[in-house]
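*Asks:* Using the hints provided, position chain H relative to the given structure of chain R.
Just so you know, the sequences run in chain order R and H. All the letters of the first sequence, read from the start, carry residue numbers 100 to 223 under my numbering. All the letters of the second sequence, read from the start, carry residue numbers 100 to 223 under my numbering.
Since the hints were made in silico from the structure, they are not lab data. On a predicted model such as this, the values are computed, not experimentally measured, just so you know. The reader is advised that the hints may include incorrect statements.
When the alpha-carbon atoms are kept at most 20 angstroms apart in a straight line, the in silico SDA-like pairs for lysine to any residue are as follows [what the hints assert, rightly or not]: (1) H:K163 / R:V164; (2) R:K163 / R:A106; (3) H:K163 / R:Q136; (4) R:K163 / R:T101.
So the derived label-pair ranges between C-beta atoms look like this [as the list claims (entries may be wrong)]: (5) H:E145 / R:T101: 35 to 41 angstroms; (6) H:G181 / R:A112: 39 to 45 angstroms; (7) H:R152 / R:D182: 37 to 43 angstroms.
Which chain H residues stay away from chain R? Per the calculated CB distances, all over 12 angstroms, these [claimed, not checked]: (8) L114; (9) E115; (10) W119; (11) A123; (12) A124; (13) R161; (14) G181; (15) D194; (16) E196.
Each residue gets a CB set at the ideal place from its N, CA and C atoms; glycine is no exception.
There are 2 protein chains.
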Amino acid sequence: MTDNRRAAAQFIATLEGRDWDGWAALLHPDVVYELPQSRERIRGRERYLQFNRDYPSEWHLRAKVVLADQTDGCVWFDWVVGDEQAEGVVFFSFDGEGLITRVTDFWPEPYDPPSGREQLVERW
Amino acid sequence: MTDNRRAAAQFIATLEGRDWDGWAALLHPDVVYELPQSRERIRGRERYLQFNRDYPSEWHLRAKVVLADQTDGCVWFDWVVGDEQAEGVVFFSFDGEGLITRVTDFWPEPYDPPSGREQLVERW
Chain R
100 MTDNRRAAAQ FIATLEGRDW DGWAALLHPD VVYELPQSRE RIRGRERYLQ FNRDYPSEWH
160 LRAKVVLADQ TDGCVWFDWV VGDEQAEGVV FFSFDGEGLI TRVTDFWPEP YDPPSGREQL
220 VERW
Chain H
100 MTDNRRAAAQ FIATLEGRDW DGWAALLHPD VVYELPQSRE RIRGRERYLQ FNRDYPSEWH
160 LRAKVVLADQ TDGCVWFDWV VGDEQAEGVV FFSFDGEGLI TRVTDFWPEP YDPPSGREQL
220 VERW
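If we strip away everything but chain R, and leave its shape as in the complex, we get (with noise of 0.2 angstroms):
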């Protein structure tokens, strides 16, 4: 396992834990964290930790897929709040010391199907 693997593995494990130092301390204190759906961008550890601190209800995050090479790394998870759950996927960027220099994160909401392709498709 590389150093980024486990850097992003840990990144989810932290959260998890709400071990607020262990998870800062993967952090480049000028850290990026993006979400392209709503157009957010937070600046810096000490916001993006707040914004994670801050963040309501009791959920919690469980790893499914953990990748990462030299310079990327992501991380597809369970998100769990009491009996809902959903999908996200998060990228990180890391910078020569491991450290995570960008984070970005994607939550795919539910769509309904579009029509046209019912032939080829099976619901679940």
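*Replies:* For chain H alone, coordinates are given in the frame of chain R:
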């Protein structure tokens, strides 16, 4: 570059080039394609090929990040149709021969930012 990473990159490149033979050669005959957001599933390379050949519009793909290990892979890509642009994420499972056995697509759509975090966030 690992063989699986090369296959993940080729998946996007062959789709973009409408190189259907090259694309199908990356897939296990019993590949399963899933779209969790619409809960759609397509079983088998032939149906999945038809799905892609029939997909409407003059779409174009450009890989932004490609990652893979011995069992999994993913690509974060831009999807462009005319003046419109979106982002997508695709995950792969690979068998021991390097064939893709599972493809999972996410198409995150824009949403309005929740209130209560304006003091931490900039918009773009």
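*Asks:* Report holds if the minimum CB distance from H:E196 to chain R is greater than 12 angstroms, and violated otherwise.
*Replies:* holds, 20 angstroms
*Asks:* Can we confirm that no CB of chain R comes within 12 angstroms of the CB of H:A124?
*Replies:* Holds: least Cβ distance 20 angstroms, greater than 12 angstroms.
*Asks:* So does H:R152 sit 37 to 43 angstroms from R:D182, Cβ to Cβ?
*Replies:* For H:R152 and R:D182 the Cβ distance comes to about 40 angstroms; the hint holds.
*Asks:* Given the hint of 39 to 45 angstroms, check if H:G181 and R:A112 actually sit that far apart at their C-beta atoms.
*Replies:* holds, 42 angstroms
*Asks:* Hint check: R:K163 vs R:A106, CA-CA at most 20 angstroms. Holds or violated?
*Replies:* holds, 15 angstroms
*Asks:* Per the stated criterion, does the least C-beta distance between H:G181 and chain R lie above 12 angstroms, as a non-interface residue requires?
*Replies:* Consistent with the label, H:G181 stays out of reach of chain R, its closest Cβ about 18 angstroms off (over 12 angstroms).
*Asks:* Note whether the CB distance of H:E145 and R:T101 lies within 35 to 41 angstroms or breaks it.
*Replies:* holds, 37 angstroms
*Asks:* Verify this label for me: H:W119 is non-interface relative to chain R, using a Cβ-Cβ cutoff of 12 angstroms.
*Replies:* Fine: 15 angstroms to the nearest Cβ keeps H:W119 off the interface.
*Asks:* Would the hint linking R:K163 and R:T101 be met if the CA-CA limit is 20 angstroms?
*Replies:* Holds: R:K163 and R:T101 sit about 17 angstroms apart, inside 20 angstroms.
*Asks:* Does H:A123 sit more than 12 angstroms from chain R, CB to CB?
*Replies:* holds, 15 angstroms
*Asks:* For H:K163 and R:Q136, compute the direct alpha-carbon distance and say whether it is at most 20 angstroms.
*Replies:* holds, 17 angstroms
*Asks:* Please confirm whether H:D194 is truly not at the interface, meaning its C-beta sits more than 12 angstroms away from all C-beta atoms of chain R.
*Replies:* holds, 16 angstroms
Checked against the numbered hints given earlier, the structure satisfies every one of them.
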